[in-house]
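Whenever a hint applies, use it, and build me the whole structure from the sequences.
Chains as they are written, first to last, in the working numbering: chain A, 1 to 422; chain B, 1 to 422.
Just so you know, the hints here were simulated from the structure itself, not pulled from any lab data.
Note that beta-carbon positions come from the ideal geometry of N, C-alpha and C, so glycine has one too.
Hints are not guaranteed to be accurate.
Taking beta-carbon pairs under 7 angstroms as the criterion, some of the chain B residues facing chain A (in silico) [as the list claims (entries may be wrong)]:
1) K28
2) R187
3) Y222
4) A229
There are 2 protein chains.
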Amino acid sequence: MNISETRKQMVDTANEIAFKRMTTADPKLETVMAAKEVVPGMGSRILLHSGPAEKYDKLPGTTRGALIGAMIYEEWASSEEEADRRLREGYTKIEPCFDHDVVGAMAGVLSPSMPVFVIGDEQGGKTIRAFTTINEGLGKVLRFGFLGPEVYNRLKWIEKVFGPAMNLTIEKTGPIRLKPIIAESIRRGDEVHNRNKASTSAFYVLITPKLLKTSMEKEIIYEVMEFMAGNVHFFLNLSMGAAKVITLSGQGIKNSSIVTTMFTNGCEFGITLSGTGNRLYKAPARMVDAKYFKGFSERDACPHIGDSMIIETAGYGAFALAASPAIIEFIGGTVEYAIEITNKMRKICYGSNPDFLIPILNYSGTPTGIDVLKVCETGIVPMMDAGVAHKEAGKGQIGAGIASAPLACFEEGLRELISRFD
Amino acid sequence: MNISETRKQMVDTANEIAFKRMTTADPKLETVMAAKEVVPGMGSRILLHSGPAEKYDKLPGTTRGALIGAMIYEEWASSEEEADRRLREGYTKIEPCFDHDVVGAMAGVLSPSMPVFVIGDEQGGKTIRAFTTINEGLGKVLRFGFLGPEVYNRLKWIEKVFGPAMNLTIEKTGPIRLKPIIAESIRRGDEVHNRNKASTSAFYVLITPKLLKTSMEKEIIYEVMEFMAGNVHFFLNLSMGAAKVITLSGQGIKNSSIVTTMFTNGCEFGITLSGTGNRLYKAPARMVDAKYFKGFSERDACPHIGDSMIIETAGYGAFALAASPAIIEFIGGTVEYAIEITNKMRKICYGSNPDFLIPILNYSGTPTGIDVLKVCETGIVPMMDAGVAHKEAGKGQIGAGIASAPLACFEEGLRELISRFD
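So, in structure tokens, the structure goes:
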């Protein structure tokens with residue numbers, strides 16, 4: 001694909017705008033509400049999942065499990081068998097989170113009664129708003145396709161207790177700016193995708209005093225605090241929601257070759273480009289290069305799945321891996337490898353993030369704004385931090401590691417972008 | 001100073017024991033009580049200060065200021081003038097924290113009514129216990145020699161509200177192990193001396209849910225949480241107390257050349273050695289190599305002061321500087337310089353810490369157990385993180401940086417250790 005210098009300059013000018021919008025976006029946690037009350041199109045019988053749209057029976061076991069769980073949680077079915085049958089029969093709509101500006105981790109299933117974090121920003125009179133579920137913790141959780149009373153009871157508690165508690169607390173704190181938390185957490189060794197210890201602590205320290213200023217009883221406040229304190233991945237979903245607002249801010253700039261979405265449903269990996277709107281370019285999802293938990297191997301694994309690589313699309317996660325040497329224990333590899341990944345991503349990005357600074361690289365910014373032109377020129381594909389789910393429902397997380405994106409969808413995207421040049 | 005190989009082996013065997021005791025020590029926060037109720041020898045009219053013993057009028061302005069403040073806080077004087085006169089007249093005993101197993105930051109002034117963290121460990125049937133004040137925060141605080149109602153009111157609140165609240169909470173949590181918090185915070189970019197953001201957050205996350213399990217009212221719990229959440233140095237004193245227990249554990253091993261105390265009163269820097277008990281070796285305190293706050297320079301500075309270098313003596317702080325690139329902003333320098341300091345300290349230490357691991361050095365342990373023999377052989381002196389106080393009372397902190405210890409006291413210590421060999 002040969003592109004003239006004039007065209008390249010045209011693209012570069014568009015990318016400058018997209019990059020600037022992404023890096024000046026200021027996502028704020030605004031409130032917590034039930035999805036049906038706030039997410040567009042969630043008022044009816046509908047379930048969302050991560051990644052591009054796919055038929056129920058083509059989705060991986062992990063996601064089918066999570067959808068079954070959501071049916072039972074919503075009391076749309078009283079058994080797993082009934083839920084599975086009804087899902088096959090079209091009892092509910094099944095749509096991708098993407099169509100609703102929702103980002104979902106792993107299976108990413110969202111149902112109307114679940115509360116969501118509402119994350120927004122005002123930009124030149126325009127409101128940008130994204131939504132994400134509340135992280136359930138580790139262990140037996142819906143996003144990894146786990147089923148059973150433990151899962152539903154926790155989801156009900158999140159709906160009835162935790163969500164309203166967060167809502168009341170944010171009324172006291174006012175909207176909470178998320179970029180300063182992410183920036184500080186990168187200084188504290190999180191890449192804020194697979195490692196969220198520092199970010200969760202920082203968010204917890206910020207929000208918990210104000211819990212005491214609400215009318216809630218001490219016992220409830222205790223439960224809410226224990227839940228956050230006990231979940232080292234609590235901030236992950238907030239990180240995803242912030243990244244979604246950041247990337248939505250860079251969307252829709254004519255001629256821009258910046259990537260604005262990466263996501264996968266476990267079958268197909270998809271991307272969007274700023275310059276081609278919501279047009280999706282897809283390629284088969286790849287396996288994660290993972291460190292498996294004891295007793296598991298790649299044979300047990302679901303391919304790369306989830307919307308969480310919105311984080312890398314926004315310029316951190318694996319792109320900030322050099323800042324997070326402590327994650328190496330969890331995902332395998334060496335510190336040098338982590339630095340190498342950050343440096344490699346720099347070759348395919350428009351610029352350096354002005355806010356997300358990496359101390360050990362003498363405070364250089366994280367590579368931000370994946371440029372599909374550079375991806376295709378260098379053949380270097382984006383790397384993403386990733387959890388690995390068992391390929392069957394009900395078996396949970398079996399590892400974590402690094403995934404690389406399939407090149408084909410970037411090539412397809414670039415071809416179309418070029419075809420649209422004036 | 002020539003030492004035969006046989007002698008060196010004897011010393012090494014002793015150092016092995018001291019190192020093992022230091023690195024297996026398990027300091028726990030046991031309770032919070034008024035100094036007069038728990039610190040040996042604090043029942044009468046007495047004030048403690050950091051560093052070696054010194055006459056009141058020879059102590060730096062910072063410390064004299066803090067002592068004056070403590071007189072007013074204890075209601076032993078009603079004005080600064082009266083307090084100063086009474087201190088000169090010997091109205092109270094003035095002793096070093098060191099004599100009471102207390103560690104004090106900067107001026108390090110402790111008076112009988114102030115609550116202290118009690119940090120202890122049981123080792124082979126023996127109880128080791130150290131004490132430290134509760135960190136007041138930044139700004140107008142007694143440890144930097146600030147005076148006035150704001151300072152006394154905060155100290156009274158700490159005495160009447162915060163201390164008892166901590167005590168009630170620790171009753172619910174049980175003794176809190178401090179080494180896991182320090183180890184995790186080193187992973188999160190603290191060296192846990194000049195940077196305590198991660199450690200403070202981690203401690204806060206650990207302890208705050210249990211605040212709700214006490215009988216305290218919500219408004220009080222709110223105040224307690226706000227105080228901790230708003231003080232990024234809150235954990236510093238706990239870090240010092242843990243380090244004191246660690247170093248006390250290595251004390252008193254015949255023939256051991258391991259350094260077990262480093263401290264300074266702003267005039268003289270002192271050390272003790274494991275093999276020579278509480279014998280003090282002193283040399284004039286040096287200036288800190290500091291990054292000064294705007295409007296200040298070395299001319300305004302008090303020399304290196306405080307007991308907080310107990311942290312380096314225990315094997316972290318500046319010795320873990322490579323783990324804390326984010327501190328460079330605060331103290332100046334480059335990331336390479338931080339790594340260089342950790343590597344340099346390795347040359348004068350007995351071994352690598354098995355618990356305090358530095359991710360960016362591929363999880364090697366922090367250099368631990370300063371060996372006075374190696375110090376004198378190489379001429380490399382210990383480096384320490386340090387705050388810088390104004391030399392006059394009431395002017396507070398004016399910078400932060402790195403201090404190096406004076407070689408002379410190490411040479412004197414080694415000479416005496418050798419003279420005691422059988």
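Each hint, compared with the structure:
no.	hint	result
1	K28	19 angstroms, violated
2	R187	4 angstroms, holds
3	Y222	4 angstroms, holds
4	A229	5 angstroms, holds
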